[in-house]
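Novice: The lines below spell out each chain.
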Amino acid sequence: MAHEDRAFYDQLAERGVTRRGFLKFCGSVAAMLGLSETMAPTIAGAVEAAAGSKLYPAVWLNGGACTGCTESAAQSTYPDIAQIVLDILSLNYIETVMMATGEDADKALYQTAEANAGKFIMIYEGTVMTGLEGNTLRVAGKTGLQFIDEIAPKAAAVVAVGSCAVDGGWVKAAPNPAGGTGISMYLKEKGIATPVINLPTCPVNPEWIVAIVIDALLLGGIDENGKVTEGLVSKLDQFGRPSFIFGQTIHDNCPRRGHFENGEFVYQFGSPEEAKGYCLYPVGCKGPQTQTNCPIVRWNNQTSWCVESGAPCIGCGNFNWVDNGAPFLGRMRKIGIGSVGAQGGGWEPGVLGAIAGGAVVGALAVHGVGMKAAGRIGEGPATEPMKEYDAKRAKKGGGN
Amino acid sequence: MAHKLYREAHPMPFVLTHWINLLAMFFLTLSGFYIHFPIFPGFMGVARGTHFFWMFVLIINLTLRIVLAFVVKSANMPDTREVDLDIKNWLPQAANRHQMIPWIKYYLFLKKDHPISAKYGVLQKIAYLATIPMTFAAAYTGFCLWGPTSDWGFFLAGTTWVADLFNAGGGASLMPMRILHYWIMWVILIFTAAHVYLANIYNFAPSKMIFAWKESGDH
Ligand code: HEM
Ligand code: HEM
Ligand code: HEM
Ligand code: SF4
Ligand code: SF4
Chain Z
1 MAHEDRAFYD QLAERGVTRR GFLKFCGSVA AMLGLSETMA PTIAGAVEAA AGSKLYPAVW
61 LNGGACTGCT ESAAQSTYPD IAQIVLDILS LNYIETVMMA TGEDADKALY QTAEANAGKF
121 IMIYEGTVMT GLEGNTLRVA GKTGLQFIDE IAPKAAAVVA VGSCAVDGGW VKAAPNPAGG
181 TGISMYLKEK GIATPVINLP TCPVNPEWIV AIVIDALLLG GIDENGKVTE GLVSKLDQFG
241 RPSFIFGQTI HDNCPRRGHF ENGEFVYQFG SPEEAKGYCL YPVGCKGPQT QTNCPIVRWN
301 NQTSWCVESG APCIGCGNFN WVDNGAPFLG RMRKIGIGSV GAQGGGWEPG VLGAIAGGAV
361 VGALAVHGVG MKAAGRIGEG PATEPMKEYD AKRAKKGGGN
Chain H
1 MAHKLYREAH PMPFVLTHWI NLLAMFFLTL SGFYIHFPIF PGFMGVARGT HFFWMFVLII
61 NLTLRIVLAF VVKSANMPDT REVDLDIKNW LPQAANRHQM IPWIKYYLFL KKDHPISAKY
121 GVLQKIAYLA TIPMTFAAAY TGFCLWGPTS DWGFFLAGTT WVADLFNAGG GASLMPMRIL
181 HYWIMWVILI FTAAHVYLAN IYNFAPSKMI FAWKESGDH
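Listed in order, the protein sequences are those of chains Z and H. Letter by letter, the first sequence follows residues 1 to 400 in our numbering. Letter by letter, the second sequence follows residues 1 to 219 in our numbering.
Extracted from the complex, chain H is given alone in its bound form:
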């Protein structure tokens, strides 16, 4: 493998959105854990304030990232400075076709060679695309809990639906929604664990790029 990594792989705006996303997730998780159960006293106001601040940062940042995908160009392959509109590199590219099974086999050690990849591998693309509904799900369930928005029809409909799902025919109850919001945190943590592992397992070059915008490999 041993890709060369050029700055075009992650243009500056995406380095920033990744940083902001990481910080938001970090603070939301910490404050969320505390709200879930205040294991030590004295911190609830801070935890809730922190949560309410970063939740807006998170969704504004995600929205910005999605808009930028239609504006900014990024490298369309590893090892290249050749760029395409970023959204094209996110969606399946020609080089992704027929590669799902080989990727699964590769991850399960049933295949020796590294499968041919486009900008990202098939599973990687699925995972990255999944971060969008995952983050929106956290936001939606969160706003269902948030006092100022919880009685909006748009959010109340979800609260009722989830309550029905948990109870077989219930109705008004915020508890199932709290549990769902809490579980979505675990889904995000699980994604992050796999993501951090896969991004760094060969070497730290990709992290140097996404965090410090440093190129690596011979060029």
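The following block holds chain Z by itself, in its conformation from the complex:
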């Protein structure tokens, strides 16, 4: 056994990862996948066996993207275990970091799709730009939509990385002139049946891509014929998100939750309450409305995450997260009429409620003054002797 093993662990060591660290990592992947810790060695074995094998062809397409997700996944400053797992993918096309340029690059994309039809993974980053008939995004003389139309039907599965790919992300925020939407919505509209795995947040957390790659490719989520199995599908919720990642709210797992229940809040940044690490609910934390496992998996090699580092969660794992999360430091989203007011303007839901309530109370007060003036208070006026309707009918000489 020794030879390959050593090669693998040498490879790890080169990246500054110890064997122990690697096993721990496999344990955390097992936990994320909802498997028992005892599965860690199995996962480690599978990763080890597959490492460096370029086992599975993949292409990485960019839509209207800021490339933040590529950046996040590549973690280029500290290549690490995640990188080793991602190396299992034979990424034949990835605009941002590939060597090939121009026509060669294009060829790599189409050849991969042709040669591996039904057996490659299409990773999609960025918004699907439907505005101006797709001309809001043009690559190599074609619209971004044409690339999707040609590649997606051939893929075994699409992995939508980051909120933009999932539902349009911040590009889709009102008034959305680019016609941004998510890849699953676009494919549905086009009648393309390729299954989509949605991994929101802005950017995507590389740990989630790793978990999906391990689950789909090494633990049998996609079978030898390139078909997504029932087992994998059953792990997705109705929005195509793996429920083991997106099944609970941040609030449910937040280390500051105790402060929330105690009513210990940060009302102002720079206050002593902030220094004590109190709950960020009044300064706009969207943790109660956001379903991701950020508090457990955390970010940047499991170093920290938004709330831990002192910032309220802005809900980047939500659908339409900018419109729903802004103002980021306010408790609730502001409400506009149509698209008016959705950016910056808009009204606090509470202000709308108070205006409606105040108007009714005011109207009742005026009515009360009228009641007093009309002398109706106390006994009230006499009751009509006959219904108006009956009186009219009687006048016309009709019966009831």
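Just so you know, these hints were derived from the structure itself, not from any lab. Quick caveat: nothing in here was measured; it's all calculated off a predicted structure.
Capping the alpha-carbon separation at 30 Å, the derived lysine-lysine pairs in DSBU-like fashion look like this:
{"no.": "1", "chain 1": "H", "residue 1": "K112", "chain 2": "Z", "residue 2": "K392"}
{"no.": "2", "chain 1": "Z", "residue 1": "K395", "chain 2": "H", "residue 2": "K112"}
{"no.": "3", "chain 1": "Z", "residue 1": "K387", "chain 2": "H", "residue 2": "K88"}
{"no.": "4", "chain 1": "H", "residue 1": "K105", "chain 2": "Z", "residue 2": "K396"}
{"no.": "5", "chain 1": "Z", "residue 1": "K107", "chain 2": "Z", "residue 2": "K142"}
{"no.": "6", "chain 1": "H", "residue 1": "K112", "chain 2": "Z", "residue 2": "K372"}
Chain Z is fixed; fit chain H with the ligands onto it per the hints.
Specialist: Same frame as chain Z, but now just chain H with the ligands:
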């Protein structure tokens, strides 16, 4: 007008359900306001606990009230001890026919005489009947937010629908549902303001009846 009010107008079970409903609404509103924005520290656990307790009281009480309507008899008109099954008095009665417009005119001071009314006037009946879907709407949107029930298909469907409504094509997001639940509180507050006003504007006899079960008028 000057109705005589007999206990048959609001038999004891309804005095109790009205009290319980009022208390539930009171505590749900107070705790709800606090959950919406904790204006002072130290109270969140209490507010949420209070909310979660009274929400069950509220819907059990409403369900009970509806069942009782099919069991208990109440006065079918003002000024009378004559009773009918309560549900009949809630739904439109013969005396309510053709009276919608006169009631609106009366409230707008376009009509001098008090319109002929059945157990309740037309608008009053609409308002009272509306309390049922209104309370269920609060309950439904509330359970959409409540951790233990929020992922039930029945509630998730509503959460998604409301999110779509707010976003034009969104998906998973609890924020719109929170806003809707919060607005329903305002709808309830607005109903209550109009209701308290109309119930007490002539005199306090109706309140003495519904709260203290005290008859008034000559009898
Ligand atoms: C002003 C009156 C009281 C106050 C402010 C008070 C406050 C508290 C507090 C803050 C706790 C800790 C709860 C927790 O953090 O989980 C507690 C626990 C408890 N209290 Fe009280 N309490 C009061 C009266 C009473 C009385 C009169 C009794 C019983 C006759 C009682 C019985 C208990 C018991 C059995 C516990 C659980 C203790 C344990 O097992 O750790 N308390 N109380
Ligand atoms: C059966 C009925 C109800 C249920 C199940 C329910 C449930 C809930 C839940 C689960 C929350 C979120 C609390 C949290 O996660 O911390 C909440 C918040 C709230 N509830 Fe209710 N509730 C009900 C009725 C009411 C009523 C009748 C009112 C007011 C008249 C009300 C007003 C509020 C308000 C204002 C909030 C805060 C919303 C926000 O700003 O985020 N609720 N409710
Ligand atoms: C301070 C608060 C309130 C006062 C003073 C009040 C007063 C009254 C009075 C006087 C009646 C009898 C009306 C009549 O016989 O013409 C009544 C009935 C009623 N009230 Fe209220 N009410 C209050 C709060 C509420 C609230 C918060 C609700 C529901 C959201 C409500 C729902 C009803 C209903 C449904 C009836 C019909 C009674 C039945 O048949 O069960 N009330 N109320
Ligand atoms: S900081 Fe945010 S997620 Fe954490 S307990 Fe407070 S509201 Fe919840
Ligand atoms: S904590 Fe909230 S804002 Fe931060 S990454 Fe997670 S979902 Fe996004």
